[in-house]
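Using the sequences and the hints given, assemble the complete structure.
These protein sequence lines are chains F and P, in that order. Sequential numbering from -16 applies to the first sequence in the working numbering. Sequential numbering from -16 applies to the second sequence in the working numbering.
Honestly, the hints are just simulated from the structure, not real lab data. Heads up, a few of these hints could be off.
If several chains are the same, the list does not tell them apart, and a pair holds so long as it fits within one copy or across any two.
[Stated by the list, open to error] Pairs of lysine-lysine, DSBU-like flavour, derived with a Cα cap of 30 Å:
hint: 1; residue 1: Lys76; residue 2: Lys95
hint: 2; residue 1: Lys169; residue 2: Lys266
hint: 3; residue 1: Lys215; residue 2: Lys88
hint: 4; residue 1: Lys95; residue 2: Lys308
Number of protein chains: 2
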Amino acid sequence: MYNRIFNFSAGPSMLPVPVLEKAQAEMMNYEGSGMRVMEMSHRSPVYDAIIKGAEAAMRRVMNIPDNYRVLFLQGGASLQFAMIPMNLMKTGKADYIVTGQFSGKAYEEAQKYGQANLAATTKAENFTRIPRQEELKLDPEADYVHICFNNTIFGTKWDYIPDTGNVPLVADLSSCIASEPIDVTKFGVIYAGAQKNIAPAGLTIVIIRDDLIRTDLPAYVPTMCNYSIMAKNESMYNTPPCYPIYMCKLVFEWIESLGGLEVMAEMNRKKADLLYQCLEESKIFKNPNSPESRSMMNVTFRAEDDAVNAKFAKESAAAGFANLKGHRSVGGMRASIYNAMPYEGVEALVKFIKEFEQGL
Amino acid sequence: MYNRIFNFSAGPSMLPVPVLEKAQAEMMNYEGSGMRVMEMSHRSPVYDAIIKGAEAAMRRVMNIPDNYRVLFLQGGASLQFAMIPMNLMKTGKADYIVTGQFSGKAYEEAQKYGQANLAATTKAENFTRIPRQEELKLDPEADYVHICFNNTIFGTKWDYIPDTGNVPLVADLSSCIASEPIDVTKFGVIYAGAQKNIAPAGLTIVIIRDDLIRTDLPAYVPTMCNYSIMAKNESMYNTPPCYPIYMCKLVFEWIESLGGLEVMAEMNRKKADLLYQCLEESKIFKNPNSPESRSMMNVTFRAEDDAVNAKFAKESAAAGFANLKGHRSVGGMRASIYNAMPYEGVEALVKFIKEFEQGL
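In structure tokens:
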């Protein structure tokens, strides 16, 4: 319709066409205001309805309980890697489970602020699986346990929510938020960069249980990195990233219109199954990960022969499949199939893989 | 044409119509890429040309020398209030000149990181003027001197660049960047939230002289708050706010197409003169500021009788002049007339003020 290509980027990534069409229709004059959303004072009643509407839609879709605050912040997951320990380290120790690059970065950053303990890692197995509950060496006195729920680069996902007892579980959901139902009450904090499943880049979502919001932070914590100040000011301490918040509202309303996260999960499962099935049957491409740990959002595959990988990356791009080349730290290919990737995109990719294989 | 109203918001604020039209035309399919700018991988060649193009246009228009780095960051000026001292306090002391609310916040935030000295303030005069050079009690041993070049709330602007000797001058230009030519070489750091003159909210510009970029920062500085890491990664340590950066490119190209900052300044001067002249002639509305300190971007005015102010705020809004009500800390009215406010908008406002006055 718009000559859209199938964009398998790990993020920023495709946005749903109905959302883009609504945004375009409302663009030059939002609801008769005579303004574009991008031009509105964030303190105006018309914008206030947008940010409150975004939060309300997210709460309905994700079933977020009243004792959790939703914050619209900036800086991406990378700034959260510092904000989590700055705000949550009370006794000064926390457990980190490292299952890929971003959880590794979070673990490193936390060491600036206290004692970050490596409670488990699958690094020795090249992050091809998520550790099992019995492998986690959890400290019952830790301030929190940190995990990355879906590993964008390695294409793995926690297939269970770890039991951390009374210790709050903190999870980076950047690349799987809103892809399926999740029990928010099992987490102390959920955070996510918006640029994969929620909105254009520049917005960070933090969902935090209100008893974890502290005011007695170390003096060095910047005002903008203090959850209590952000919560007290309802994400309006200063100008928030207004347009991505507007898009976030449209995206959650779109999910709702489809039937919510159960339906979303079913659609995502169908896409992922189709692609994993194709890789199972392939004689040249393999997904390296343990079946139970496979991500529904990021599907990695590679041929043993790197010349074949290079040929596939080149030919798939030429055929209109964008951004299939895997992250340089893993090599091979990665198809990110977030909420907005249509089933037809995965079907077309599977067809292309089969034809490529036959043509070798 | 689009039923656009005249929006006098202090920010986010109007964007230039030619920029909005170009963005709309390119929206669903950017340069034949089959993607929207909002959906592009920030590491793709097509997006790389956008971010590099934004920097290049800004460098041409603002005449930024090669020994300055341009960074595209997040968090607004409020995060810079912390990043400046975290990155620049070497001996642990800095001079702050407080001329309004935001310079006051910067001064407060800096006290977390060292000895922030109040080198001058016009608080006792309700910030109605900028202090003169001879009033500044500058410490020649300070790590830097911080000023806010244009005071959005009080409607004042530095009419000169203070002489700080060998001490680097750091300036918040959020509400006047790109409104007129400025000699970048007089500053060590210039920073600005983009949501007034440059782009939609969610982007922060930092222009920093490269010898001020240090790597030996205190351990508590978050990676995302470290200028050297941001500079080394060319603002791509993590996903940048891609869409506002694209809009920044279009805005600077628009300024260039008009003839650059000299022409922009002439247009802005004409608008501001028209409005200040009207206030000089008004029997009920007055601008409280010293003539030499008056802002070209934010024009404040108020009637002695607060009932008249309330009546004006209400009737002007009803007549399609949005966001004229002044900041709650000052009262009265404020017309923010940034680059994208057309001359016709100020003309219409002046006509409305005169008619309002006659109707009293």
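Results for each hint:
Taking identical chains as interchangeable, the C-alpha atoms of lysine 76 and lysine 95 lie at most 30 Å apart whether they share a chain (11 Å) or sit on different chains (24 Å). Proximity of lysine 169 and lysine 266 under a CA criterion of 30 Å is satisfied in neither setting, with 41 Å inside one chain copy and 64 Å between copies. For the homomeric pair lysine 215 and lysine 88, the shortest alpha-carbon distances inside one copy (29 Å) and between copies (17 Å) are both at most 30 Å. Taking the shortest alpha-carbon separations for lysine 95 and lysine 308, neither the intra-copy value of 34 Å nor the inter-copy value of 45 Å comes in at or below 30 Å.
Against the hints set out earlier in the document, violations occur for numbers 2 and 4.
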